[in-house]
Amino acid sequence: MSYNTLRFSEVTVGDKLPAEDIAITSSLISCGALATRDFEPCHHVPKVAQEMGLPDVFMNILTSQALMARFVTDWSGPEAVMKALKVKLGAPNVPGMLMTVTGEVADKDDSQQVITVKVLGENNIWGMHMEGSVSIQLP
Amino acid sequence: MSICDKSAIVGIANTEFSKNSGRSELQLAAEAVRDALKDAGLSPADVDGMTTFTLDNTDEIELARAVGIGDLTFYSRVPHGGGAATGLVHQAVMAVASGMAECVVCYRALNGRSGHRYSSGVSGPLLTADAIHWGWYTPYGLMTPASWVAMYSQRYMHLTTDCQDAMFEIAQAQRDYAVRNPAAFFYEQPFSREDYDQAKKIVSPLKLLDCCQESDGGSAVIITTAERARDLRHTPVAIKGVGQAAAANMESMTSFYRPEIAAIPSMDIAAREAYQQSGLSAADIDAAVIYDAFTPIVLWQLESWGFCEPYTAPQFVLDGAFRPDGRLPTNTHGGQLSEAYIHGVNGVVEAAKLVRGDSVNQPAKTVDHVLVTSGVGVPTGGALLGKL
Amino acid sequence: MTPEQRQAFEEGLYQFVGRSLHPEPKRSYDTVNGAMIRQWAEVMGDRNPAYTDADWAASSARGHLIAPPAMLYVWNQEGYAVASTGRPGDGLADLVAYFDSHGFTGSLGTNVDQEYFAEAKLGDAIYEDAVIEEISEQKSTARGLGYFLQTLAKFRNQDGELIGTQRFRVFKFIPPEVPAQEKPESATELELPTRIQAPRGQDNAWWWDACDEGRVLIQRCKSCQTLRHPPRPMCGECQSTEWDSIESSLDGEIYSFVEMHYPKFPGYQYPLIVAVISLAEGTRLVANVVGIDSAEVRIGLKVKGRVEQVDEKTMLPQFYPVDAAEVSA
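Residue numbers (the numbering used here), protein chains in the order written: chain A, 1 to 139; chain B, 1001 to 1388; chain C, 2001 to 2329.
No lab work stands behind these hints, which were simulated from the structure alone.
Hints are supplied without guarantee of correctness; some may be wrong.
Incomplete in silico selection of chain B near chain C, CB under 7 Å [as the list claims (entries may be wrong)]: (1) M1151; (2) Q1198; (3) K1201.
Some residues of chain A that are not near chain C, with every Cβ distance over 12 Å (derived) [unchecked claim]: (4) P18; (5) K108; (6) D110.
This one's a predicted model, so the numbers in the text were calculated from it and none came from an experiment.
We put the CB at the ideal spot given by N, CA and C, even for glycine.
This is chain A alone, in the form it adopts within the complex (with noise of 0.2 Å):
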């Protein structure tokens, strides 16, 4: 990543983010659960989701946070402070999958100098995983 960070200034609504795919895989799904110490057995065990109708493990929330904060920090670069993190789910993401992360600025709040970026990640099999928005200040 780039360790130049966007200025307010520099940006406008309706810019779009470089779209990025991510590859699901049980190594993501399971690593990234316990990465954010969640064990909860349907992250990590194939037999648990599978009891839940699922072919397979699926990712966990907080991993799709976390990969739906850092498709804005990327771009944005380190000095942007984050301010929301708003995420809505849709259809779970099982390994095998591409997950592809789209998005735009959708708002500028001049006063804060904070943008509001909605981003989209859709999975290649069931549609719409996640959508959402974040809002990172600016200097």
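With chain A held as given, fit chains B and C onto it using these hints.
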């Protein structure tokens, strides 16, 4: 013989409209029928005929048992989705005028939002002629009602001027009626041109506010003989004429192979039939309920029913025709865009109210004759209502 | 549930609103630390130096490392007990048990909204104070019948400073019965979605079979030579059931078109333009228009088609604007 004035609407009712009725479609239908009978001052025992959509999930005999309706001598169903709206009137009128039944219940109830949603698209495992028909379109992505209507709309916009403005005017005029209709889903929720322009794209050229809602609810209408109607509680609403038609070269929603697709020949025929039966013409019609699954389809119907010349409906609408003091106050309940989508049968209820003088947005002028139409793109129809 | 049962259930249910999850603010098991942050950053692929590069952080506007804000809830998670001895009881567990005992065993997180008021630093202890904020009225969704419940957690540091809040919304529902054989056995059954396949029957299979081989045919009446599309078993002009076909040149122009936006269907590529094409032979064909910016598509545009493989299973005619077709030919 003409069916004009042989029968009349004597009872009408809607359930409440919502996005989640919390009860079965059978219950919605039963409530609507019960309330329509009560409105008429009739009892379930008076009913001997029933008619609904082929798409309706509630079996007529189940409904009859639920409501306490007794022996039936007439029952029928009308195909083609919203194209059946006034088709129910058509069936009831034929049954009553021919003596096959004396008192016919027309009903439609659906959990169109909380249950099966039509916007979710078509596909199915059965190898029927209908499935093969959809197979010419679904692989390319054309699979929702909005997508089919948008194809006609693009063509119509190409051949007319100011069509986009007229689509907005239709949507907003109807919303303004709904704002004053406590039963409407969008009661007290107006929108602006900016809201309309900024709304989510559904299938270009259609945006969100060009599209009707998906609703839960039920509507029912009771039709009986003119003689009997005179003795009942309300001003009888006579059926002056009712037409139904499937014009040549028809496909369900995808009649893309006619010489010109920016027109609806099925409705032209239905209009001709209804005008002939009634002896009325467009000049006699004071108000209308025009099927409005999407804004552009309202325009084409105005041309079919002779309110204006082909490809001039945008100008007719932009002259304020649909407004309370306009030439043709239309969809005074808010329509399916803004009251509720009960497949046009809430429109038949509203048309009857307009003749009775009971609409929540009753125009100031005298309303002698009201047009109500069915969904288009499919085989369709329309009815002319008036005082007995 | 009878109306009486539902009323009794809901009376009990709404008693939970306002209850705290913990008798007093629950302290994180560990203070904010570099090891957990590094692990998180590695898995998430987050190379933000504000989290892991101490030298950079020292020279940044902040002057120190911070915890990733999205880790807000991580510090107070229960940990391995959840997988071994079972999730320790709290106010939420009581509510979940109440739901489960009435058949609302399904559970689906629907929304997580976090707001941040300060950035957590290494060494901070995080105190979580959470309540059941809201339980909705009964809702019927595609998942089933149930209730949305929302918790509000506030996270403070050791100085009582509010670091952030989290609203977590969960749908508790009665899951529909899934027949055992319909459950997918393993992820290997996951296939990339394709376009919906046209069903093939006696009257149309020949057309699609030719399409699979790269040709678009137009049905022709053997008796009166009238072309017709889509295919039908009888000629509407002369009622003959004898027919053959000609191959289309796929020269045409756009008669009408739409652009699909919503809903989006799995297996379709967007932007997605569908058009009615007037073919040079005189019949019309519905097909996609590609290789052109959506804003450039118009009625009357000359197009040239070719049959292409659009996904693993599907061959379809795709039409290009005539200029582009010449360029790429």
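Each hint, compared with the structure:
The criterion of a C-beta within 7 Å of any C-beta in chain C is met by B/M1151, whose closest approach is roughly 5 Å, and the hint holds. Against a cut-off of 7 Å between C-beta atoms, the interface hint on B/Q1198 is violated, since the closest Cβ of chain C lies about 14 Å away. The restraint placing B/K1201 at the interface with chain C holds, with a minimum CB-CB distance near 4 Å, inside the 7 Å limit. Chain C leaves A/P18 outside its interface by the beta-carbon criterion, the shortest separation being 14 Å against a cut-off of 12 Å.
For A/K108, the requirement that its beta carbon stay farther than 12 Å from each beta carbon of chain C is met, with the minimum near 18 Å. Consistency note on A/D110: stated as away from chain C, and its beta-carbon is indeed over 12 Å from all of that chain's, at 20 Å minimum.
Hint 2 alone, counting from the list given before, is not met by this structure.
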